[in-house]
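Colleague: Protein chains in written order, with the numbering used here: chain A, 1 to 349; chain B, 1001 to 1349.
Treat the hints loosely; a few may be bogus.
Each computed DSS-like pair below joins lysine-lysine, with the alpha-carbon atoms no more than 30 Å apart [unchecked claim]:
(1) B:Lys1141 <-> A:Lys215
(2) A:Lys141 <-> B:Lys1141
(3) A:Lys141 <-> B:Lys1190
(4) A:Lys308 <-> A:Lys154
I should point out that these hints are in silico values taken from the structure, not numbers from a laboratory.
Letter by letter, the chains look like this.
2 protein chains.
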Amino acid sequence: MFDNKEQSRTSIAELGEFGLIEYLTKNIKIHHKSTVKGVGDDCAVLENSDHQTLVTTDLLVEGVHFDMSYMPLKHLGYKAVMVNLSDVYAMNGMAKQITVSIAVSNRFPLEALEELYAGIHLACDTYQVDLIGGDTTSSTKGLLISITAVGEAKAEDIVYRSGAKPNDLLVVTGDLGAAYLGLQVLEREKQVFQVNPNSQPDLENYTYLVERQLKPEARKDIIKLFKDLEVKPTAMIDISDGLSSEILHICKQSKTGCNLYEDKIPLDQQVISTCEEFNLNSTTIALSGGEEYELLFTIAQEDYPKIKGNPNFTVIGHITEENEGKNLITRANQKIELTAQGWNALNKG
Amino acid sequence: MFDNKEQSRTSIAELGEFGLIEYLTKNIKIHHKSTVKGVGDDCAVLENSDHQTLVTTDLLVEGVHFDMSYMPLKHLGYKAVMVNLSDVYAMNGMAKQITVSIAVSNRFPLEALEELYAGIHLACDTYQVDLIGGDTTSSTKGLLISITAVGEAKAEDIVYRSGAKPNDLLVVTGDLGAAYLGLQVLEREKQVFQVNPNSQPDLENYTYLVERQLKPEARKDIIKLFKDLEVKPTAMIDISDGLSSEILHICKQSKTGCNLYEDKIPLDQQVISTCEEFNLNSTTIALSGGEEYELLFTIAQEDYPKIKGNPNFTVIGHITEENEGKNLITRANQKIELTAQGWNALNKG
Chain A
1 MFDNKEQSRT SIAELGEFGL IEYLTKNIKI HHKSTVKGVG DDCAVLENSD HQTLVTTDLL
61 VEGVHFDMSY MPLKHLGYKA VMVNLSDVYA MNGMAKQITV SIAVSNRFPL EALEELYAGI
121 HLACDTYQVD LIGGDTTSST KGLLISITAV GEAKAEDIVY RSGAKPNDLL VVTGDLGAAY
181 LGLQVLEREK QVFQVNPNSQ PDLENYTYLV ERQLKPEARK DIIKLFKDLE VKPTAMIDIS
241 DGLSSEILHI CKQSKTGCNL YEDKIPLDQQ VISTCEEFNL NSTTIALSGG EEYELLFTIA
301 QEDYPKIKGN PNFTVIGHIT EENEGKNLIT RANQKIELTA QGWNALNKG
Chain B
1001 MFDNKEQSRT SIAELGEFGL IEYLTKNIKI HHKSTVKGVG DDCAVLENSD HQTLVTTDLL
1061 VEGVHFDMSY MPLKHLGYKA VMVNLSDVYA MNGMAKQITV SIAVSNRFPL EALEELYAGI
1121 HLACDTYQVD LIGGDTTSST KGLLISITAV GEAKAEDIVY RSGAKPNDLL VVTGDLGAAY
1181 LGLQVLEREK QVFQVNPNSQ PDLENYTYLV ERQLKPEARK DIIKLFKDLE VKPTAMIDIS
1241 DGLSSEILHI CKQSKTGCNL YEDKIPLDQQ VISTCEEFNL NSTTIALSGG EEYELLFTIA
1301 QEDYPKIKGN PNFTVIGHIT EENEGKNLIT RANQKIELTA QGWNALNKG
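Chain A with its partners taken away, still in its complex shape (with noise of 0.2 Å):
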């Protein structure tokens, strides 16, 4: 009990987020026929007779992952279930049911949890999922959520990051690069807040970089199109740690590579005015920026004419051989590696 504490050491950061998760899970057992898939993907895969269950699960830490000073209690509370939500979806499945637990230090005031939850309920309400359980305790220091969400979806709809097949198109939801640009208007406007406490926020210029911020939304709508328009995509997950990081992902579990276009990327017009604004590259933003809660899936080639002129998809690339590697070609038809810059967690500890 009080032995020798002296121990080798091994640095967590230096093995980065994903590193240190295969670390921890190689050596799992299974022991269910049911246990369809565990770790390794947005979620889990339980048998059922007449469907299978995804349960999948998040972790939100104060100072890590959010800073109360410019991210109200509320948007807090929708989206920590956006987070969970967007991981069933990106295996093609509907969200059905959450747990919420919440470890928070006595200086909250029972109305700030109140707020936080307010944010809960709304998600859920417009969501159509249900609060079923949690735990709620007390923490030596700042606010954390651990929320898991349960879904469900016939074996034959589920969407793995596994299945993309060379001659597949990479297509993206939405507009990317937003969300973490939003992030960096409110530190610039907290930093000026905190030198000056009278200055107001002018943030008219950045309205949609702040709302995909603070109240992103997942993409249950695509999941309902996919079935209106008869597409199951080869491959999917949701773009939570960054595009490039993600394609990677695809590919690795595929066993493939892919070719990414640079000016296929889309990019709203306030992201491309902010980056000049804030002298970044607007590329760089799309493919590392993170929290955008879009999902990232393929298709087949025969598919296309199902997705083809549908504002809420675009095309950006496709997969290749595994031996052609993962390649981004720039606007000047260069092609470079890919590699992941992806939000990391572990590295803003």
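Go by the hints and put chain B onto chain A.
Modeller: Then chain B, alone, in the frame of chain A:
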């Protein structure tokens, strides 16, 4: 965003854990027929065609729920799983899967996390549970573990807290008070060690108590035994917050009273001798000591012959009409009101 932050303030500690949970969950709306039971029992219950799914979640926070100076990480991992499995068994279900999320500061070396996961894997192997997902992130301070367990049971087998009826017998598994006393012994050794780091802890007389604190076992065996004995409890709960607190939960949700007999409460000999040594009242310890993970349940009188003489079970009282109150009948045959003084994480923060 930078609004007036002045708000009315109500202290969370004032409400207590259960008051807070009740407060935060009172407006929950249920959208799906498949949500058979949401917040308010050990587990949520979800409808499937051939069985029902059980979901439960718990959050363990360093400095609130555990002290790493005497809780080896492997034991902590094992215990964190037990806490959740115990909730599934308390519904008369079988735990099948868990998700594990951890927030950890960078001061932890990888080897420490390996130890933690070694305990989690051991628990999964021993209890035949699949680890199916989770989230790993950094914390600004300390270690936090959030586990969600998923289980299943046939609809007709599930036991809620609300099914107790007047004249039912009140039964407990195992014996009580040991886990709490184990904590007291470890706290004392920690203080001795802080004064004299060369001291060697002498735990010989407290082995059972320390084991109950550091390596509790969830009572999966009892669920199997119920099947063998063809007993279905009318109500059931696991003892995580102390016997009196759990009895009051059953009475409240079943709308009944109860008589609990002090002289029937099962105590191990080490509990009795250590209470004498620490000058503690063993009944108080048994009523209020938490973290037991024994099962408290009620059965119809006619089922008594099925459990009679079984060393796993002790009949400690019976259920009465609600207007008869919740009573402790002392050894001196006095009737006093049973009050909850359970282990309350929120008051410890």
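Colleague: With reference to the structure, classify each hint as holding or not holding.
Modeller: Quick rundown of the hints versus the structure:
1. B:Lys1141 <-> A:Lys215: OK: lysine 1141 (chain B) and lysine 215 (chain A) at ~27 Å, within 30 Å.
2. A:Lys141 <-> B:Lys1141: holds (7 Å)
3. A:Lys141 <-> B:Lys1190: holds (23 Å)
4. A:Lys308 <-> A:Lys154: holds (26 Å)
Taken one by one, the earlier hints all hold for this structure without exception.
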